[in-house]
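There are 2 protein chains.
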Amino acid sequence: MIRLIQIDPRDNVAIVTENAPKGTKLENLVLLQDIPQGHKVALMKLQKGAKVIRYGVILGFLLEDVEAGSWINEKMLELPELPPLDSLSYAQGDKVVLPKPVMTTFEGFDNGPEAYAGTRNLLAITTTVQCVSGVVDQLVSQIRSKLLPKYPNVDEVVAINHAYGCGVAINAPDAVIPIRSIRNIMRNPNFGGEIMVVGLGCEKLTVDMLLPPEEINEENVLMLQDYPGYASMMEALLTMAETKLQALNKRKRVTLPLSKLCIGMQCGGSDAFSGITANPSAGYASDLLVSGGATVMFSEVTEIRDGVHLLALRCVDKEARDKLVSEIAWYDAYLAKGEVDRSANPTPGNKKGGLSNIVEKAMGSIVKSGRAPIVEVLGPGERPTKKGLIFAATPASDIVCGPSQLASGITLQVFMTGRGTPYGLAEAPVIKVSSRNDMQKQWNDLIDFNAGGIATGEESVEEAGARLFNLILEVASGRKKPYAEEFKLNNFLCFFNPAPIT
Amino acid sequence: MIRLIQIDPRDNVAIVTENAPKGTKLENLVLLQDIPQGHKVALMKLQKGAKVIRYGVILGFLLEDVEAGSWINEKMLELPELPPLDSLSYAQGDKVVLPKPVMTTFEGFDNGPEAYAGTRNLLAITTTVQCVSGVVDQLVSQIRSKLLPKYPNVDEVVAINHAYGCGVAINAPDAVIPIRSIRNIMRNPNFGGEIMVVGLGCEKLTVDMLLPPEEINEENVLMLQDYPGYASMMEALLTMAETKLQALNKRKRVTLPLSKLCIGMQCGGSDAFSGITANPSAGYASDLLVSGGATVMFSEVTEIRDGVHLLALRCVDKEARDKLVSEIAWYDAYLAKGEVDRSANPTPGNKKGGLSNIVEKAMGSIVKSGRAPIVEVLGPGERPTKKGLIFAATPASDIVCGPSQLASGITLQVFMTGRGTPYGLAEAPVIKVSSRNDMQKQWNDLIDFNAGGIATGEESVEEAGARLFNLILEVASGRKKPYAEEFKLNNFLCFFNPAPIT
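Listed in order, the protein sequences are those of chains A and B.
Letter by letter, the first sequence follows residues 1 to 502 in the working numbering.
Letter by letter, the second sequence follows residues 503 to 1004 in the working numbering.
Each hint should be verified, as a subset may be incorrect.
[Unchecked claim] In silico DSS-like links for lysine-lysine, alpha-carbon gap of 27 Å or less:
(1) B/K524 / B/K577
(2) A/K95 / A/K51
(3) B/K524 / B/K854
(4) A/K150 / A/K386
(5) A/K488 / B/K990
(6) A/K386 / A/K100
(7) A/K146 / B/K648
(8) B/K990 / A/K146
(9) B/K853 / B/K577
(10) A/K351 / A/K45
(11) B/K553 / B/K854
(12) A/K337 / B/K652
(13) B/K825 / A/K337
(14) B/K553 / B/K853
(15) B/K527 / B/K577
(16) B/K527 / B/K547
(17) B/K990 / B/K652
(18) B/K820 / B/K853
(19) A/K150 / A/K45
(20) A/K481 / A/K100
(21) B/K648 / A/K488
(22) A/K488 / A/K146
(23) A/K323 / B/K839
(24) B/K652 / A/K488
(25) A/K252 / A/K318
(26) B/K825 / A/K150
(27) A/K95 / A/K387
The hints are simulated quantities; they were obtained by calculation from the structure and are not laboratory data.
Just chain A, same shape as in the assembly (with noise of 0.2 Å):
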């Protein structure tokens, strides 16, 4: 049955839940035009200049004269300006009561007092760069096959390749972004705080810029430069690696409290949907896990910028509005440079999806990240000094978001998507929502958790997000794995590095 759905009163458009055929009657509306699924229809004559309102929101200014009942596309739609980044008010989100969860434990590996704690059991190689992957590649290779096998509390062994470390311009002011981000990704909880780093010798990003002194032993580096040949270092490394191993093995999980959690929300191939289903239920389970004393991340600079102030609202103090404005400030910079502003997101498929433009995706995005109050602000890359819901920000490109979670810490990542992708990490398991049943009946082996049914009224967001709550637990104890780990589809790393190549 074909629905109609408004989301706030306040809106003259909503969408159609399914493919509508022109004359369709749906409530007091007569359908003027064929409508895709997830398309938004006028809910009243409107004039062109005339504002369009989705989220309560405005999307953008009409290019043309529409009736009710018409098909309002992305070719119709002026983009609102950019909400400006000064005098944003804060810390007006602390009032929310947030739901309680049912269970405030989960099955980890735990890392001491302080740290988060591991959703899996890792070995990490991390590079200090590119010139050395083909050797960790064949390492990862013969590890899998000579050592795992005598360590079965260790999942598995990843490599931490990356573009990074030489051919770059280590000292441009925005190598920070890409160095902070390497030397953080090594700490991340699933790794148990064992160092394996493999460097070469004479590159750029030396290991005292990863590494502080009291690390920088025989026992967690090797420069592939000081061993005679290919033979060699393999022997070292494997031997290297054989002792890290014995180290992961005799971790074990335990009960912890869900404040020994960290994991992160991105998505990725959006569509209309994406805002009323996969996201809220998203929202939803983030202030389920918040509530419990859990740490979430979410990010995508481009598609929080539109709503850049209703975050600013629900930052607790002055320290998070600042830093939230500094790194807006600084995207808006980045992509000026490079000629673009945050219009250059949607993709093709997003707009196929019935995502008009970067506000109505920003509106539907930005619901991810629930109701809580915003602790904090995060630099791509940088580590979390709070619990609670934290705003990481980072690019919206998938590959580049979830690498840059992974060194600020997360454990394991939720993944809305309404359009589908096979995405996943090797570093962190990653459970797919989908926001459309179809979605999730087409890719019944790829989608982990569908969220489809608040749109045909099936569930509510709360239902939903108790559901995802509770699988989210589920994996991060072990007890469940995602079809992307499953089936080993892992993204390879791409830090973000927006500083120049030499």
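Add chain B to chain A, keeping to what the hints say.
Frame of chain A, contents of chain B only:
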């Protein structure tokens, strides 16, 4: 025996061929300090502000007075001004008489009358977007185990995975670079004209940006969102791959003229010997190849920047000179946007190896292009229209230059190194050339060719160059595998994307 090497009679410095202790007597000189291998010693007393000259050019200006026999290191030099880009003379290189090669054919995989031939017979699976890379990695692994053994004439299957395709500003001016790189790499002669593109379905890099309409069909393109789930897409992908393997398996090596060969030259991890051993022998091999009708590309903009006037002189016409100037000017502006300049290029390893600054590195780098005239200049990832020596203006970063040259069509790369790197490419064999005997001794299962004998007087540049020419043809003809190919040490593809991430 420690030797002193002066390159040009105008030079007022020379380098020592071994670590040389204070007090060592070399020709008329007594060393006033311990001087590390490859580092410069003053041949005469020089005052603060004096020009330090090597390769007959000014490396920089002294920041302090030095006596004859003193060590001159990177901390003692002020960089000279950047050579201007306006009114550069050109067309002075035609008069050069190149050496004649003893052999003018090789055994390659023919690709028709107009095209370069392959040196390998590979199935390449190109991706439109990073989201599909996890699936394609699993696919490649299944093809290797299930299909490849049935097609003995196919050497390997390679995934053209990359970080581009979505989450990027696809309409930014600089987006042309990654887009054409991906479009062109598909046409690499080592892939035998077989097109296999895997996309998602909602990405920004749509298939029509990569293929002409007549090639967009079910035989060549598969979009994952069109398939009901993972098992189904893998089945379809394996079927598609098998059809391509059947076609590729029919290819056999045939004797071809050198005009069908297109190779690339690159250096990485350079030292002060690179410019007097490895790179000049590569330059001589390049002259033999070009003289025999082959196409040779060299690259690395920041490493020719200080010698741009010398390259301009060798451009055969105004068109090549103008393209050289526009590519370099673009790169100057690109670096300036990131608040750096060409001095950001040298690495700690370069400096340890005796290269004081980018001028010295550039002079040693340029000699790998030999003496042939430059027939054409390409932007990063562009395909050539002429045969002969070509400057392909790519970044100097090894893993960015490699994919760019592959997109431009190289089927083999010669890689000179002083400090040592295990660099390799899955898409084309890479011959690694060491600049020092020590390097080759240390990494005898990674270095394919040693040019160090030039520094110790065991071999002339011409002798080493002729030997290298022979090895290039051996490898191109499939009679020999370089170590990186043997051990499958392959760097991933990092296409140059100077445009913003969104």
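field: Hint numbers not upheld by this structure, sorted from lowest to highest
entry: Those not satisfied are hints 2, 4, 12, 18, 19, 25 and 26.
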